[in-house]
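Residue numbers (this note's numbering), protein chains in the order written: chain X, 5 to 286; chain D, 749 to 1213.
Hints in this document: simulated from the structure, not taken from any laboratory. Mixed in with the good hints, there may be bad ones.
As the list claims (entries may be wrong) - Covered stretches of chain X (chain D as the covering partner; in silico rule of three or more C-beta atoms under 8 Å from a C-beta of chain D):
| no. | region |
| --- | --- |
| 1 | 25-35 |
| 2 | 50-62 |
| 3 | 109-121 |
What the hints assert, rightly or not - Derived BS3-like pairs (lysine-lysine); straight-line CA-CA distance at most 25 Å:
| no. | chain 1 | residue 1 | chain 2 | residue 2 |
| --- | --- | --- | --- | --- |
| 4 | X | 278 | D | 1102 |
| 5 | D | 1102 | X | 76 |
| 6 | X | 262 | D | 1102 |
Bear in mind that the values here come from a model prediction, so they are computed numbers and not experimental data. Glycine residues also receive a C-beta, built at the ideal position from the N, C-alpha and C atoms.
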Amino acid sequence: MYTIVERQDLLPKVHLLKIQAPKVAAAAAAGQFVILRIDAEGERFPLTIADWDVKAGTVTVIYMEIGASTRKLAKLGAGDAILDFAGPLGKPTEIENFGTVVCVSGGFAMATIVPIARAMKEAGNRVISVVGARSKDLFFWHDRLEKYSDEMIVCTDDGSAGIKGVVTEPLRDLLASSTKVDRVIVIGPSVMMKFCSKTTQPFGVKTIVSLNPIMIDGTGMCGCCRVSLDGQTRFACVDGPEFDGHKVDWDGLLVRQKSYVAEEAVAAERCRCKEEGCGSHG
Amino acid sequence: MAKAGLNRIDMPKQAVAKRIQNFSEVATGYTPSDAHIEAARCLQCKKRYCVEGCPVNIDIPEFILALREGDMPEAARILKKTNSLPGVCGRVCPQETQCEQACILNKKEVPIAIGRLERFVADWEREHSAEVNLPKSLKPKSGKKAAVVGAGPAGLTASAELARLGHDVTLFESLHTAGGVLMYGIPEFRLPKDIVQGEVEYVKSLGVKIELNAVAGRLFSLDDLFKQGFQAVFLATGAGLPLFLNVQGENLNGVYSANEFLTRINLMKAHSFPEYDTPVKKGKKVAVIGGGNVAMDAARCALRLGAEEVSIIYRRSEVELPARKEEVENAREEGIKFHFLTSPVRFLANEQGKVRAMDCQKMELGEPDASGRRRPIPVDGSEFEMDIDLAIIALGTRPNPLVMQSAPDLQVNPNGTVAAGISGQTSHKAVWAGGDIVTGSDTVISAMGAAKRSALVMDEYLRSL
């Protein structure tokens, strides 16, 4: 069992958990993830490591309530425990002094990109962060990202903060400006990563994306998370999750992510019935 | 070829119509009277060919004699002396090519049903473990620490042997449950999971500590184990990396590797979705590509999920099928269709990106290849389309490279297996390896045999320190 030592509600549906897992904390690196299983009936699902504390022996994950399992997780708080917590998984982000690195994030990935921005900064890079959200109420960990960024560019769909529009626009402006960009890293919803990759491609700037396909074991034994890269099949859990965004078959990935939409709806409905006590589901 | 029936006692089974509706064990096991009649046929040979045929050299005539004399605790003790997983082996070993093939009776009539008797004794012991506390014959503590990586059949066997020999053993497992392929691969209807867990508990009772969720190559490297004070390591991470066909459309929704399909069902209990949270696709027309035991298991699982038609697609002919005859027979009885000399060339999608059909071509057999089996050659112009809504690829597996990536000084063969000598010695002086990580996908019992040989050599090494 892995004890939750702290919970923070960052947004109405986005929560942070600090979990006691000293060995995982000691081995973690930027860009890696964990696989959780809440209870004996639970499914295994991946979450990116947002932070870790070797001394305290804790690993921090941030997640959004989107389906049955994340809603189940949202019922737990400090003092509760989850059954399984395996990690760190995946290859760590390639960290080097590239020169200027642009870190683009959206949604709750604005937290998971922080360890990457930190590692890039510590490696001597000039870090420019581009953060996007629908509106200004959906920002969090802004201060943390700012700490490791030489420059911060904020965008909102509704214009309530920063530039009005999506992240691809300032990204294109940056690449077209006199700033020499050596590497772009994008973490966020697949559609955002796809369009950021399309934005950077004409400029020939290496663009790393952190893919989020469906996973089960997370150790390379099933191929559920397979993605096509320039026609070659790769397993995101062991070969990634970070890949060259210019090589990813985005449409294939987007279709595979929707494999279980019908089943997810059944599970979510069952979850809702249980919460509301409709009585027809044990 | 086994001579049918004669005087060997048949295994009672669930009726076909009933068993395809459930995931319960198909073979229901000998009754005490079945077991006694079968045991009475054993000639108690002086020259024990059967023991030589067993990869872990169980004292077969002795346990059969104890059973015959009604001394069940003694029969169980004899089994457990050499085999920590008799309930598993009695069920999944290919006895027809091992102990039973070597049985002297095989020359004239039919061999003793050694596997079924082993299973009978193991099941008896499990049901009576509370009142019959078998002695564990543990050697005095050596004060030496050994790490075993991977809790499949090889890892469990090596751990049990090393613990019996007096060493302090920690077993590291990447999944949330110990058992390896016994838990995620072989379905409940061939190997009930409570039997596997019962045998895991037995291994723990010998003093083995099991650390779950411990992913070798990520959470720790081989060097980390030595830094933590382990003095010898046994690598048994198996061959879990699935092979794909590398044809067009293979990444469509509805195309599974057998490992994924079986893991969802066996380990995650997706057949009980939504009581369990993991979903699995239930196809109506299912194609399983491959001809081994894993293909049979996947096909029979798909049928039990409610498929109308399940087909095995195999590129060679029936003679070359690598699956156990008994499993092919079970699959046939259950209505699985077989398409021999057939190979997929591409998968076709519907407008939602889900598989709707598979283009196949017919094959003919040419000269024998490196494996000694006749090589399939495509027949020109023989392409045809088969309507399917689920495909499961069961072409075999290779060792997972994760562990090896974390141990650069470990010598690895071009096919991804770890290079190891007969007792499992690797290029690293304190590291042994055994089971599928060395041989590529093979049987449970050969993995256990390899583990046992390594444990004995590791014992010598540890004592020499």
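Structure-based check of all given hints:
1. 25-35: Holds: 3 residues of the region 25-35 of chain X have a Cβ under 8 Å from chain D.
2. 50-62: Since three or more residues must qualify, the claim that chain D covers the region 50-62 of chain X is violated, with 0 doing so at under 8 Å.
3. 109-121: With 0 residues close enough to chain D, the hint is violated.
4. 278(X) / 1102(D): violated (31 Å)
5. 1102(D) / 76(X): violated (29 Å)
6. 262(X) / 1102(D): It holds: about 10 Å lies between the C-alpha atoms, which stays within 25 Å.
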